[in-house]
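Chain B is already provided as a structure; the job is to place chain A on it using the hints.
Just so you know, the sequences run in chain order B and A.
Following the working numbering, the numbering of the first sequence begins with 1 at its first residue and continues without gaps.
Following the working numbering, the numbering of the second sequence begins with 1001 at its first residue and continues without gaps.
It is worth saying that the hints were derived from the structure and are not from the lab.
The structure presented is a predicted model; accordingly, all values stated were derived computationally and were not measured.
For glycine and all other residues, C-beta sits at the position ideal for the given N, C-alpha and C.
Check each hint, because a few of them may be wrong.
Here are the simulated SDA-like pairs of lysine to any residue, each with C-alpha atoms no more than 20 Å apart in a straight line [claimed, not checked]:
| id | chain 1 | residue 1 | chain 2 | residue 2 |
| --- | --- | --- | --- | --- |
| 1 | B | Lys190 | B | Arg43 |
| 2 | A | Lys1036 | B | Gly414 |
| 3 | A | Lys1054 | A | Val1026 |
| 4 | A | Lys1054 | A | Ile1208 |
| 5 | A | Lys1036 | B | Asp413 |
| 6 | B | Lys190 | B | Leu155 |
| 7 | A | Lys1135 | B | Ile3 |
| 8 | B | Lys190 | B | Val366 |
| 9 | A | Lys1036 | B | Ala412 |
| 10 | A | Lys1036 | B | Arg408 |
| 11 | B | Lys237 | B | Pro266 |
| 12 | B | Lys197 | B | Asp144 |
| 13 | B | Lys124 | B | Arg73 |
| 14 | A | Lys1135 | A | Ala1220 |
| 15 | B | Lys190 | B | Asn376 |
Chain B is nowhere near these chain A residues, computed Cβ spacing over 12 Å in every case [unchecked claim]:
| id | residue |
| --- | --- |
| 16 | Arg1032 |
| 17 | Arg1139 |
| 18 | Ala1148 |
| 19 | Arg1152 |
| 20 | Ser1219 |
| 21 | Glu1232 |
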Amino acid sequence: MIIPRLALQSLRNRSLTAVLTVLGIAISVMLLLGVEKVRTGARQSFADTISGTDLIVGARSGSLQLLLYSVFRIGNATNNVTWKSYQDIAEQPDVDWIVPISLGDSHRGFRVLGTTPEYFARYKYRRGQPLAFAAGAQFNDLFDVVIGADVATALGYKVGDRVVVAHGVGSVSFVEHEDKPFRVSGILAKTGTPVDKTLHVSLEAIEAIHVDWQNGMPAPGESVSADDVRKMQLAPKAITAAFVGLKSKLATFRMQRAINDYSEEPLSAIIPGAALQELWGLVSTAETALSIISAMVVATALLGMVTTILTSLNERRREMAILRSVGARPTTILGLLVVEGTLLTLAGVILGTLLLYISLYALRPVIDRAYGLDVNIGLPSTSDLTILAAIVLAGVVASVLPALRAYRLSVADGMMIRT
Amino acid sequence: MSSLPTVEPRRAEQSHAHIGSDPAIVKMADLRFTWKGPSAFSLAIQDFVLPPAKRMLIVGPSGSGKSTFLSLLAGIVTPNEGRVEILGTDTSTLSSAARDRFRAEHFGIIFQMFNLLPYGSVIDNVVLPLSFSAKRRARAEEKGSVEAEAQRLLTSLGLGEANYRDVPASRLSVGQQQRVAAARALIGRPEIIIADEPTSALDRDRQIAFLDLLFSEVSAAGSALIMVSHDETLGSRFDSVVRFDDIAVAERATA
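Isolated chain B, as found in the complex:
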């Protein structure tokens, strides 16, 4: 067929504006799809962080705060949970297992988490996947430390290396537990969760490095050597939070109520899934705003295309008159312009998708390192494809506008050439 070929040649004749139009659409598509990717990536990434834990117990606070500091290592606990309360909860008949965590120290910007060896068996992520060791094993000695995958890569640690823990959670710390160095006993495999950025030690180790401290500072002249510490009783007095697994899911709400009503100490128990849901509720407004803005950008790009085609019509009245003179119907001319708009949109959508995948591929490690967000580069999802199809459809509909004008012009001009 000669007509589609001429339509393409006509488009090539105006290649600069055509390329710019396609580029505009491509960038907008890339933005919209990229926002969508990051959105689902973030959601998935967050939801995958903790799995298999029925309740998280901490000092009385908002459920979001508890979730953020216990699971995501964002922010700090306002208060601790006493060891006695921990033991009370552990003894409840509904409780299957309980893993304490103790936060507050750091190592070169990475959080240090004190816990029990059970942590490595009970902590699950990504739909029930357990933690695995890439090298070494869990801590056995008081001064053993198990490091996350990112800690190992970022700091270049191997099993057997010496690590000094600092007090506080800043990346630069002035008070270090220099007298009690740790040895790397194991390195965890990459999980894509905050575990990767954490150093794990035993609860006793947390106690040990603070044994000669008073009021958050080393007590002057009372330093206790590492060897002496080993001989001391290092029962923890308090923990930051605890992960709880129940024998039956049915007991979840009963147990949660019991902990919230605990009379000895103000505590909070949260259901991780419910707290995540709450987090989405908070974030969804921003997400929606982002999506709306991206959709607006796509609309702007399509509007740009319509404008470009409309302004080209005056120069193309000759083309239309010639086609009319050889017997083209006005509807043929309408069709030509709709085809042109469709082709431009389609090219933009395809190019935009390609650009997105190329940049995702290039930026994925950067995003992961900077935000701990592992964006999934899989094939476009059904919802992605729906969005792309909707954009093409919008392009077709938008190109009807200049096409109708061309139709009217070609009816009015007939085969008379106006230049």
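Below, chain A alone, put in the same frame as chain B:
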């Protein structure tokens, strides 16, 4: 000059249009056309007849309504009153789609200039009308492929060198473009060739050369030619010369 009354059953003419029982291939009678809008303009044609295979020159100054006349002839516009009979068909009764198809089947049209799609190759420009008319495509294919027929026409019109066919039309000189336009009008041998001031962009020598080529190809195709021009000096080469004022009365609102 026609022995038939103006209101004649169409069937009789239709089947014999080419055989010659009725010599007219174009008949306009009692026709009136008005452009609507602010610059109202109307054209009245009492009686106009074109016999088959004749070459007619219509002479008139620019702005006299010649273009409107040609639009009526080609079925781009329809008269408010009266009839336009082409090859025995009253095109004013056809639907607009049917008129477009009819134009593709039976007319070849050459404009003053800017005849070609500038980005299309020479060969694509020549075979363009065949996309809209199966009959003309069939005729163009009688002696082989449509490309061969297009090449034959280009060669007869003095664009024989093979390197022209794939060149974008915009690279050709004005004279060459007019010859490509002639080839496009002639391909598939339509019954009527309309030429609207086709030589006015050419100098005198090339006008003559162009008309010679056009005439010989029009004769070879057996088509009739209606050419409008403001230049009376070309008249000697035509079978008949008509003054536009004699066939049509144009009225322009002076307001």
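Against the structure, the hints:
1. Between Lys190/B and Arg43/B the CA atoms are separated by roughly 19 Å; this keeps the pair inside 20 Å, and the hint holds.
2. Restraint check: the Cα-Cα separation between Lys1036/A and Gly414/B comes to about 15 Å, which is no more than 20 Å; the hinted pair holds.
3. Note on Lys1054/A and Val1026/A: the hinted pairing holds, with a Cα-Cα distance of about 11 Å set against a maximum of 20 Å.
4. Distance check on the hinted pair: Lys1054/A and Ile1208/A sit about 19 Å apart at the alpha-carbon level, within 20 Å; holds.
5. For the hint pairing Lys1036/A with Asp413/B, the CA-to-CA distance comes to about 13 Å; that is within 20 Å, so the pair holds.
6. At most 20 Å may separate the alpha-carbon atoms for a hinted pair to count; Lys190/B and Leu155/B meet this at roughly 15 Å.
7. A distance of roughly 18 Å separates the Cα atoms of Lys1135/A and Ile3/B; the hinted pair therefore holds under the 20 Å criterion.
8. Taking the CA atoms of Lys190/B and Val366/B, the gap is near 16 Å; set against the 20 Å cutoff, the hint holds.
9. Straight-line distance between C-alpha atoms of Lys1036/A and Ala412/B comes to about 11 Å, which keeps the hinted pair within the 20 Å bound.
10. Proximity of Lys1036/A to Arg408/B is assessed by CA-CA distance (about 15 Å); at most 20 Å being required, the pair is judged to hold.
11. At most 20 Å may separate the alpha-carbon atoms for a hinted pair to count; Lys237/B and Pro266/B meet this at roughly 16 Å.
12. At roughly 17 Å between alpha-carbon atoms, Lys197/B and Asp144/B fall within 20 Å of each other, so this suggested pair holds.
13. At roughly 16 Å between alpha-carbon atoms, Lys124/B and Arg73/B fall within 20 Å of each other, so this suggested pair holds.
14. For the proposed pair Lys1135/A and Ala1220/A, the alpha carbon gap of about 18 Å is at most 20 Å, so the pair holds.
15. Of the supplied pair hints, the one linking Lys190/B and Asn376/B holds, its CA atoms being roughly 15 Å apart against a limit of 20 Å.
16. Every Cβ of chain B is farther than 12 Å from the Cβ of Arg1032/A; the closest lies at roughly 18 Å, confirming the non-interface assignment.
17. With a least beta-carbon separation of about 15 Å from chain B, Arg1139/A lies farther than 12 Å from that chain, consistent with its non-interface assignment.
18. Its beta-carbon lying about 16 Å from the closest one in chain B, Ala1148/A satisfies the requirement of being farther than 12 Å from that chain.
19. Every beta carbon of chain B lies more than 12 Å from that of Arg1152/A, the smallest distance being close to 19 Å; the non-interface claim holds.
20. Residue-level check passed: Ser1219/A sits 22 Å from the nearest beta carbon of chain B, beyond 12 Å.
21. Here Glu1232/A stays apart from chain B, with its beta-carbon at least about 24 Å from theirs, past the 12 Å limit.
The structure shown violates none of the earlier numbered hints.
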